[in-house]
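Asks: Listed here are the chains, written in short residue letters.
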Amino acid sequence: SRGEMAKLTQLIDDEVFRAYATYAGIVLLKMMLMSLITAYFRITRKAFANPEDTASFGKGESAKKYMRTDPDVERVRRGHLNDLENIVPFVGIGLLYALSGPELSTALLHFRIFTVARILHTFAYLIPLPQPGRGLSWAVGYSVTFSMAYKVLKTAWLL
Amino acid sequence: SRGEMAKLTQLIDDEVFRAYATYAGIVLLKMMLMSLITAYFRITRKAFANPEDTASFGKGESAKKYMRTDPDVERVRRGHLNDLENIVPFVGIGLLYALSGPELSTALLHFRIFTVARILHTFAYLIPLPQPGRGLSWAVGYSVTFSMAYKVLKTAWLL
Amino acid sequence: SRGEMAKLTQLIDDEVFRAYATYAGIVLLKMMLMSLITAYFRITRKAFANPEDTASFGKGESAKKYMRTDPDVERVRRGHLNDLENIVPFVGIGLLYALSGPELSTALLHFRIFTVARILHTFAYLIPLPQPGRGLSWAVGYSVTFSMAYKVLKTAWLL
Numbered sequence: 001s002r003g004e005m006a007k008l009t010q011l012i013d014d015e016v017f018r019a020y021a022t023y024a025g026i027v028l029l030k031m032m033l034m035s036l037i038t039a040y041f042r043i044t045r046k047a048f049a050n051p052e053d054t055a056s057f058g059k060g061e062s063a064k065k066y067m068r069t070d071p072d073v074e075r076v077r078r079g080h081l082n083d084l085e086n087i088v089p090f091v092g093i094g095l096l097y098a099l100s101g102p103e104l105s106t107a108l109l110h111f112r113i114f115t116v117a118r119i120l121h122t123f124a125y126l127i128p129l130p131q132p133g134r135g136l137s138w139a140v141g142y143s144v145t146f147s148m149a150y151k152v153l154k155t156a157w158l159l
Numbered sequence: 001s002r003g004e005m006a007k008l009t010q011l012i013d014d015e016v017f018r019a020y021a022t023y024a025g026i027v028l029l030k031m032m033l034m035s036l037i038t039a040y041f042r043i044t045r046k047a048f049a050n051p052e053d054t055a056s057f058g059k060g061e062s063a064k065k066y067m068r069t070d071p072d073v074e075r076v077r078r079g080h081l082n083d084l085e086n087i088v089p090f091v092g093i094g095l096l097y098a099l100s101g102p103e104l105s106t107a108l109l110h111f112r113i114f115t116v117a118r119i120l121h122t123f124a125y126l127i128p129l130p131q132p133g134r135g136l137s138w139a140v141g142y143s144v145t146f147s148m149a150y151k152v153l154k155t156a157w158l159l
Numbered sequence: 001s002r003g004e005m006a007k008l009t010q011l012i013d014d015e016v017f018r019a020y021a022t023y024a025g026i027v028l029l030k031m032m033l034m035s036l037i038t039a040y041f042r043i044t045r046k047a048f049a050n051p052e053d054t055a056s057f058g059k060g061e062s063a064k065k066y067m068r069t070d071p072d073v074e075r076v077r078r079g080h081l082n083d084l085e086n087i088v089p090f091v092g093i094g095l096l097y098a099l100s101g102p103e104l105s106t107a108l109l110h111f112r113i114f115t116v117a118r119i120l121h122t123f124a125y126l127i128p129l130p131q132p133g134r135g136l137s138w139a140v141g142y143s144v145t146f147s148m149a150y151k152v153l154k155t156a157w158l159l
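Protein chains in written order, with full-length UniProt numbering: chain A, 1 to 159; chain B, 1 to 159; chain C, 1 to 159.
It does not matter which identical chain is meant; a pair holds if it fits inside one copy or across any two.
Computed cross-link-like contacts, SDA-like style, restricted to lysine to any residue with a CA-CA straight-line distance of at most 25 Å:
#	residue 1	residue 2
1	Lys30	Ala49
2	Lys64	Arg75
3	Lys154	Leu36
4	Lys46	Leu81
5	Lys151	Thr22
6	Lys151	Ile37
Hints listed in this document are in silico derivations from the structure and should not be mistaken for laboratory results.
Please construct the entire structure, taking both the sequences and the accompanying hints into account.
Replies: The structure is reproduced here in structure tokens:
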């Protein structure tokens, strides 16, 4: 019935799920921010990947010289790809983890540590900080996702 | 009980969730299509990234010359990566948005605009269209995801 | 009520959903493993992308020579990107598929074939095996995701 169906969409009322939605939203927005930073560096460094992006700088050779790679642009792009490689597994495994019945306090601990670690990772990458700053922040986020995956597989295991 | 559990999997009966499933399915299939287009250009342009992929063209130097980058292949690959950077956040945030209790009409508006924008983005990238065609279609999709994230965080916020 | 809400998070008790959580967890962990393999090859081949990563090898020119690409590192990175392009759609479409009410046996068949295909794909990429080993394992995983998407769109369709 309609009444029963309505309830099913109130998953968002569950506190663990609300916490998941909040932190997943934050880290996905942080990942999306990398696109804007890439655009900022491409425009200020005048370093583009597509001929049509340089058309406003003139025609022919005068525009062609802006078809190049730039160390700052490439650095942001590596940070963005690293986010895809790490935030996407967090969002996928985190959803299953939130549905696997963890304590709210344990779940919050996982979500908070991951989110802080990935924000630090971005600063470590873009400033850049000397190693092992970036390596450690990466490892912390990785470990949190691994810990959530362990809980998911222990709870759900059905091969 | 079994009866109650069965209901939980009927999320798919909720209209907002059905709309989400439809549009998420469409944009994920569109993203997957990029793999086929990449393969098409790699084969027709004879431009490969792995030595084992060129073995059918002969041995040694005659095959080695096909280990190269090609502008058309690289263009499709950039489009594919841009899809990963934008469609993946849409799918993740869109799921949370669909569970946050939006009006069906508002949800449909978000899903439809995003889907049309990303299909236009692919055409703008592959034809290619002059700027700001690609830039605008990217910005529209980005804004829709941002709008959904705002609704999710406003509804779920629990830090 | 609280009692009703608690039930909503017991999605994990549904057998199809448990199977999905298990296989999605496994393939996401497999994808995450690629980061460790990349790090292993970067360290053993001494091939890095960031100047700060080579600081422990000394200063100036002596460290600069480790800022380079290496065929083994690039191969793992291509495998990792291919995982993102294929495992992410599986995780997204697979979730919707698990909620679309498939038979447990049919769902298990999809999840198992995809998971085996992607593990074989990684071996085919890293060893590397001669073609069409990698191509076939890619096509099998792709077809499974396509088949799930068809079921999702058939069940949920609401444009």
